[in-house]
Every structure is written in structure tokens, then in C-alpha cells.
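K.L.:
The lines below spell out each chain.
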Amino acid sequence: MKQESIIQVENLTKKFNDFTAVNAISFNVKKGEIFGFLGANGAGKTTAMKMLIGISTPTSGNAHVAGYNVFKNPENIKKSIGYMSQKFALYDDLTVKENITFFGGIYGLSRKQIEVKRRLLVEELGLQDIANELVSSLPLGWKQKIAFSVALLHEPKIIFLDEPTGGVDPITRRQFWEMIYKTANNGTTVFVTTHYMDEAEYCDRVSIMVDGKIEALDTPKNLKKQFNAENMNDVFLKLARG
Amino acid sequence: MSINVQHISKSFKEVKAINNISFEVKEGELFGLIGPDGAGKTTIFRILTTLLFSDKGTANVAGFDVIDNYKDIRNHVGYMPGRFSLYQDLTVEENLEFFATIFGTTIKENYDLIKDIYIQIEPFKTRRAGKLSGGMKQKLALCCALIHKPKVLFLDEPTTGVDPVSRKEFWEILKRLQKKGITILVSTPYMDEAALCDRIALIQEGEILEIDTPQEITKHYPKAIYNVKANNMYKLINSLKKYEHHYSVYPFGEYVHYTDKRTKFSIDILKNYLVENQFSDIEIIETTPSIEDTFMELAK
Amino acid sequence: MKRFIGFIKKEFYHIFRDKRSLFILFGMPIAQIMLFGFAITNEINNVDIAILDKSKDATTIEIINKISSSKYFSVEQLINNESEIEPVFKKGKVKAVLIFEKDFSKKLVKENNATLQIITDATDPNTANTISNYTNSILQKYQQEINKNIKIPYQIIPKSHMVFNPELKSVFMFVPGVMTIILMLVSAMMTSISITREKELGTMEILLVSPLKPFQVIIGKVVPYIFLSIINAIVIVLLSIFVFKMPVQGSLFLLAFESVLFIITSLSLGILISTLSSTQQTAMMISLMGLMLPTILLSGFIFPISSMPLPLQIISNIIPAKWFIIILKGIMLKGVGISFIWKETSFLLLMTMIFIAISVKKYKIRLE
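Chains F, L and U, in that order, are what the protein sequence lines are.
Here the first sequence stands for residues 25 to 266, where the numbers follow the working numbering.
Here the second sequence stands for residues 36 to 335, where the numbers follow the working numbering.
Here the third sequence stands for residues 454 to 821, where the numbers follow the working numbering.
Watch out, some of these pointers could steer you wrong.
Claimed, not checked - In silico lysine-lysine, DSS-like type, Cα no more than 25 Å apart, as pairs: (1) U/Lys652 to L/Lys166; (2) L/Lys270 to F/Lys206; (3) L/Lys106 to U/Lys666; (4) F/Lys96 to F/Lys39; (5) F/Lys54 to L/Lys264; (6) L/Lys91 to U/Lys817; (7) L/Lys160 to U/Lys472; (8) U/Lys666 to L/Lys184; (9) U/Lys455 to L/Lys160; (10) F/Lys206 to L/Lys276; (11) L/Lys143 to U/Lys455; (12) F/Lys248 to L/Lys270; (13) U/Lys815 to U/Lys698; (14) F/Lys262 to L/Lys210; (15) L/Lys106 to U/Lys455; (16) L/Lys264 to F/Lys245; (17) L/Lys143 to U/Lys782; (18) U/Lys544 to U/Lys560; (19) F/Lys237 to L/Lys166; (20) L/Lys184 to U/Lys462; (21) L/Lys166 to F/Lys39; (22) L/Lys106 to F/Lys167; (23) U/Lys815 to L/Lys106; (24) F/Lys245 to L/Lys203; (25) F/Lys103 to F/Lys54; (26) U/Lys462 to L/Lys143; (27) F/Lys245 to L/Lys106.
In short, the hints are calculated from the structure, not lab data.
Keep in mind that this is a model prediction, so the values were computed, not measured.
For reference, chain F alone in the conformation it holds in the complex (with noise of 0.2 Å):
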């Protein structure tokens, strides 16, 4: 089956001065998938992402996603992407429903439109008895779930996902993957760095960055047999340290 790509890195580099941050990196990520974008600390992952996310130029290659090119229309890139990172993900002084209703607002949702989104959102993650709640009072798997659909509000193409499950409860944890396949299965694409080496098993294709390089890409499966390995977390260690 072939599908088309959402995303396509050709050769891209990130310099800073004279380090070589991300190294002419290339891969394509399809349509619907769950791309899992891993690599050690320092290892390029996080200004790679930037790069694709639209709010860091590259040095050269070139990349589109979601069909914009990252050097002419970042703009429009980062109309059609969602983007949640563990550093921030909602205003901790806000409500859930506050939240929503300002990030439904910057990306040009009507009041309608929020209104009906919110309601979905409420109903569907069983929110109706802290819909009023500072966010700041909700446990950290809460804030997580909620932060990712509010990163889906505007049905973007692809969601990039930046560690979003790290200290995380192991339920909790597990809701949100379940809540990233139902994602993928509705078509969106995701695109997600994680340190647990056990999501890296759920994700259809892995990437593994070494040093600014993509060192391996496939199928968690094919890694294994590559590298001989029992689970991901070999394949990393093994990979990494060379």
C-alpha cells in the first residue's frame, strides 16, 4: 500500500556557529502514522523539530510538511500542525475552559466553533466536574490529556509531540496512548519523541538520532531483527553507543 508523505525531509542541517546541531537528515513521514522521532539528550531531536514546526530556519537541505516548505511558509506550516511539548502545555492560571477557549481563539476558531469544540471535548474526556478548575490544580496525567486535545482543536494535518508523557502515572500514561492511536486512526499524522523506550514499541516506524544524524528508521520490528536485539530499549543502547 502506498501512501502519500505529510512530511519530507531532504538533507536537512541546523548549524550553529561551527556545531553542527542536525546533520542533513532525510526521511518522510506518511499519512496517518505515528512516527516516533527518538535520539539521546543532545542528540538534535529537539532542533530538528523546531525546524519542522516552522520557528527555526535551517542552515540548508530543504523540508515540507503538511505540503508548505519550512523556508517559505512557515506561517502557513504552523496553521496546519499541533504542538505540544511537556515544558508548556496550558496556562496554569487559566481554567480547562479558559484554555480552551484562548487556544481555539489563536488559531481563528469562530466563538461558534469553540463553543461545539468544547462541549466534544468536555463530554468526551469526562471534564464536566473540572471544566471550571484552575488548571494549576490538576494532576499532571489530567493536564497532559487535556493539553493534547486542545492541541487538536483545530484538526490539524500532523501533531508533533514533545515528550508528552514524561513523569507521567503508567495509566495515565497508557490513556494517552490510547488516545494518540484513536488520533492516528482518524487520520491525523503524529509525529513524537519520547525517553520511554516502551512507547517507541507503539509508534509504526522509529527513527533513532545520533549526534545530528538518523542513525536507523524503520519498523520497531525491523529494528530489533536488525540489531538483534529484544526490545527498543537494546536497539537504542546498542545504536548509541556504538
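Start from chain F and add chains L and U according to the hints.
P.N.:
Positioned in the frame of chain F, the structure of chains L and U alone reads:
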């Protein structure tokens, strides 16, 4: 006993951070507090390192009471807080030197203890700490916490946000330190790290779910667990959850961990159900429960 | 003691590695003093004036010549009657109008005195003040010349009159004021920021869980800033003496002592602020809003305290800067000794002790 905690509770305003926590850590033991963010791990660390008073209960560390003898404790423990807490604008060497001096010692005096770790970062000793990679920062922080040869080492989530390679190295280092007679209390949200501790306490929402060796804890798991796999993961999870006899369904790496409510369960019954639901490439094998399975079962 | 020295060494590393702060720390006093100094300068050059000469005799022409030949003034315009004075000022170019009374020469010879009126535009009060001073000195010189051979001296009476802003503040006022503000800023803000930075970084946790005693941490934080503040104070005094020729009348020793006292007052305030705030940002806000504004507005630096409404006058008493400015003015401008400023000094001492007492009580040896 190196650490003895009896019935401590602590609330911040109305929020109960920890509730009636008791545990003991033997001398020379590597003890893990395992639980997600917000479980109360940091609060326990702060009480034991004399940074916070508990509302109720008593605790002592290395034979000293955390309230009455707090000064003695401060002389005898090493502490590595959760956040990266070194001076970013000081070089590697200056950081280490600073912590050596405030503990009234020198790098030379205890170099033996930190040698294995320090040689890995020594090539960068004139680099500012802020410019180090995550793994190296963490090694430097550990050196700083060890420089005065503490009896007890407190490590609050040392591996959070660190990649698997550095995490593995870090645990190897901890094992070596333990051999040198240092008692270590470490916390982590990564369940797979629990297996590397001598004994662990599983914590959720301020309460201890269970304390035991990792092996014993997984033995307590009440049910048989099955690895289930099929052609479509998402549909598989949904189907299994719709299955009336399911007890729990959790994705676990490439498999789904499935448990059944019935006492009489056979793999074939489940296989038939999945075949009926148009799944292919079905694979079902019984497996041993992990600490994560146990945690989820206890936290339910 | 070795621990303590190690700690101070670390503090100096922080200070010297943060180039931007360091630049502000030393650049600011110099920039401020220069700014204030040249903005409120007492030098005037080629100021445009207008002259209303009602007598037009030999003496007045001679005086006008003297004035216009000096480098300080240039006669922009001669006017013919008093109704033209206001329009001339309103145009803005002319800063002063000199009015010679009628029959100037005759009066000088017959009555031995004649009046010259100097009207200045005091919207720029310093220039206004300077203009009348300079005119006076030109007149005095002229009088000495014409009185050489006469027994009963002729007297020209200058009558200064200022329009638009008759109340003037002292020209030298800015040095004590700027010095006060800078010492306050460096000492209080920098210390509070440096202590809260440790809290924010999480390093305070490690310091607390170490044998270092809390008071050692605090003193260790403060010592480097005492040094820096003293250096700043010296720079300011040197600048004002050598660049602005401001005389220091009193004892330099006393000046140094009082400055150190005020530095300690400010540092203890800084520590107090740091115990109240947990982030650098809050510490900065409290320092700026809670210290700088009252220091600038209520200390008498810019607005004379005597012309404030009574409640503000009362509040100004708890502003340490007010007392320090009085002390500085006393020592630098009037040359008084401790016997004249012991009251202000003891106020500062008392405040310092109160601040330190509160900080010690508030300082946490634990996290809450």
C-alpha cells in the same frame, strides 16, 4: 537502620502531599521510591534532608533525628535535588571545588570515591556547567553530592528526562557506589528502573502501595498476564476492552497486556474471539508480570 | 572560615562572569553621574539674552559691551518697553532679560547706586540661576574697575527675578542624590537578586543541606556587594570632585564611614527582600517599586520634602535615603562634622538593626 521513617504526613495548605508514610532503609541498601510526578517523592526527600518539617510522624537518617539533629544530618548526607542544581556559570572543576570547600574537604581527599565518575567528565573540566549535556550534568551533580563522602545519598529523580544510554550508565554507577558502603535512596518515575534497586516502595498520591524487593512485588500480582498481539494495535485495544470478560487491557511495548476476569481462562477462547473480530497475525502468550503491571494493579 | 572564603570566591565568580550585570554595575554610576552632571550643569555658554535699556547712557552701554563680549552671553535683541518682555520669553530663545532703570548713570553718580533688574526664565531653573550668578559677577568686576579711585563706592544693585518657576533647588544636590540611589540599587537589588537566584536554581536546597550555616550563606552573599558598593561610592566621589569640581568640605573619613553605614542599611534591606520573594523577578520588582521609587520621589532628591503634603512628609522619615542625603549634603557641601549629623546617623543605624532583626527572624533554615 540507615533511614527510618515512621508514619510521616505532610500537607501544603489543603493538599495532602504524603499520608502516613513508613519505611526503613538498611545500611548499604539501594532503595527506590517509585511513582509518578506528584506522588510525594520530593516531599519525602525534603523531610529526610531536613528541608521540611513533617506534620506528623518521626524520621531519622544515619541515626540522627531529622528535627533535633538536623545539623548532624546536613554533615553526613549527600543530596541531589530533582532540578539540575549546580552553578551554570561556574566550570566543572569550580563547582566541584566549591562543594568540597563548603563541606570542609578537598577534591583530593575523597577523589577515590568519585574517580570513576569524574574521569568521564574530566576532559571538560574547564567548561561551564551550563554548557554540558544532560548526562554529563547529572554526573557532575553526583560528584558534587559525593565529594564529602556522605553516609547516605539522596537522589531525587536523577534520571528524569535523561536518555536511556545515560540512564543505564547512571545506574551502573549507583551499583558501584553501593558496593563502597553508601546507603542510597533514589526516586524515579521510570518503572523499568525499579528492578535495579534492592528494595522499592511504590508510591501513588502520597501513599505507599507496597514495599518489597522487585522480585517479590511482581510475585504478588494476582492474575495471569497474557501478551496479545495482532495486525492492528488500535483496533485490538478497542476490541479487547469491549470483550465482556476482560479485567485489564494495557498496551505494553509491542504487545497488549491482557488479564481476564474468569478463573478458567484459556488462550484459545480469546483467540477465537479475536478471529471472530477479523484480526489476523494473532499472537497470545502468557508472560510474567512486570513492576509496572503491579503498580497499575495496585493504583487502580 | 575556609568554607566561608570558598563561598565568597564563588560569589565573585558569579559576579565577574555575568558581564552584562557587571557592566551595569559599574557603567551605571558613571553614566548616571555624567547624565545628571551635564544635564544639570552649571556651565553656560552663549546664552541668548535681551536687553531693555531705559537710560541708554555711557555706563549702560559700557556694561552691555562687557556682557556681550563675555563668552557666556550673546545679546539677541534690544527691546524698547516692558510689554515686550513676556513675548520674548515665550518665543523660547531668550533665557534672560536685563533691565537698566532710567537715568542709570545719573543715579549712580548722584545717589551712588543704580538698579539692574535680571529677569530669567526659570523653566530651566539651573540655567536661570547660573545666568543671574554670572551677570552678578560681571557687574561686580565692572564695579571694582569704576570704584578704584573713588572714596564712596558706586553700587550697582542687581535685582534677580525669576519667572515661571521661582523655586530653585540646589545645583549640587544631584551628587548626593545619585550616590544614594546607586548605592541603594547596587546593594539592595543586587543582593536580593543574587540570593533569590540560588532559590530559583535549586542550589539553595543543596546549600541548606550542607554544613554551611545559614548566616554564613547570607554574609557570604553580602560581602562581595559591600566591596562593589564601596568601589562605586569612591568612583562617584572622585567623578564629582574631578569632573564637576564639586568641593567636599567635610572629612573624607566621616564620608566613608557614613557611606559604609548606608551600604549596610541597603544590604540588609536587600536580604529582607530576598526572604520575601522566591524568584529573581519578584525580587527585582520589589526592589524597583518598593525601594527605587520612594527613594527617588520621597528622599528629597528631586522634590523638596518641605513642599510635600504632610502625610508624605511623615512617610519620608522612614526612607533611609532621606537621612543619607541629609548626611551627604552636610558633609560634602556644608562641611559639618558628626556633631551635626549624629541624629541622622543614629536613624540609619536603628533602621539597619531593625532590618537585620527582621531578616534573621524571617530567614528560613528550611524550605518553608
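K.L.:
Each of the hints needs a verdict: does it hold here or not?
P.N.:
So, going through the hints one by one against the coordinates:
no. : hint                 : result
1   : U/Lys652 to L/Lys166 : 21 Å, holds
2   : L/Lys270 to F/Lys206 : 9 Å, holds
3   : L/Lys106 to U/Lys666 : 9 Å, holds
4   : F/Lys96 to F/Lys39   : 19 Å, holds
5   : F/Lys54 to L/Lys264  : 23 Å, holds
6   : L/Lys91 to U/Lys817  : 20 Å, holds
7   : L/Lys160 to U/Lys472 : 21 Å, holds
8   : U/Lys666 to L/Lys184 : 19 Å, holds
9   : U/Lys455 to L/Lys160 : 23 Å, holds
10  : F/Lys206 to L/Lys276 : 14 Å, holds
11  : L/Lys143 to U/Lys455 : 16 Å, holds
12  : F/Lys248 to L/Lys270 : 24 Å, holds
13  : U/Lys815 to U/Lys698 : 45 Å, violated
14  : F/Lys262 to L/Lys210 : 21 Å, holds
15  : L/Lys106 to U/Lys455 : 19 Å, holds
16  : L/Lys264 to F/Lys245 : 12 Å, holds
17  : L/Lys143 to U/Lys782 : 55 Å, violated
18  : U/Lys544 to U/Lys560 : 33 Å, violated
19  : F/Lys237 to L/Lys166 : 21 Å, holds
20  : L/Lys184 to U/Lys462 : 23 Å, holds
21  : L/Lys166 to F/Lys39  : 17 Å, holds
22  : L/Lys106 to F/Lys167 : 39 Å, violated
23  : U/Lys815 to L/Lys106 : 19 Å, holds
24  : F/Lys245 to L/Lys203 : 23 Å, holds
25  : F/Lys103 to F/Lys54  : 19 Å, holds
26  : U/Lys462 to L/Lys143 : 19 Å, holds
27  : F/Lys245 to L/Lys106 : 55 Å, violated
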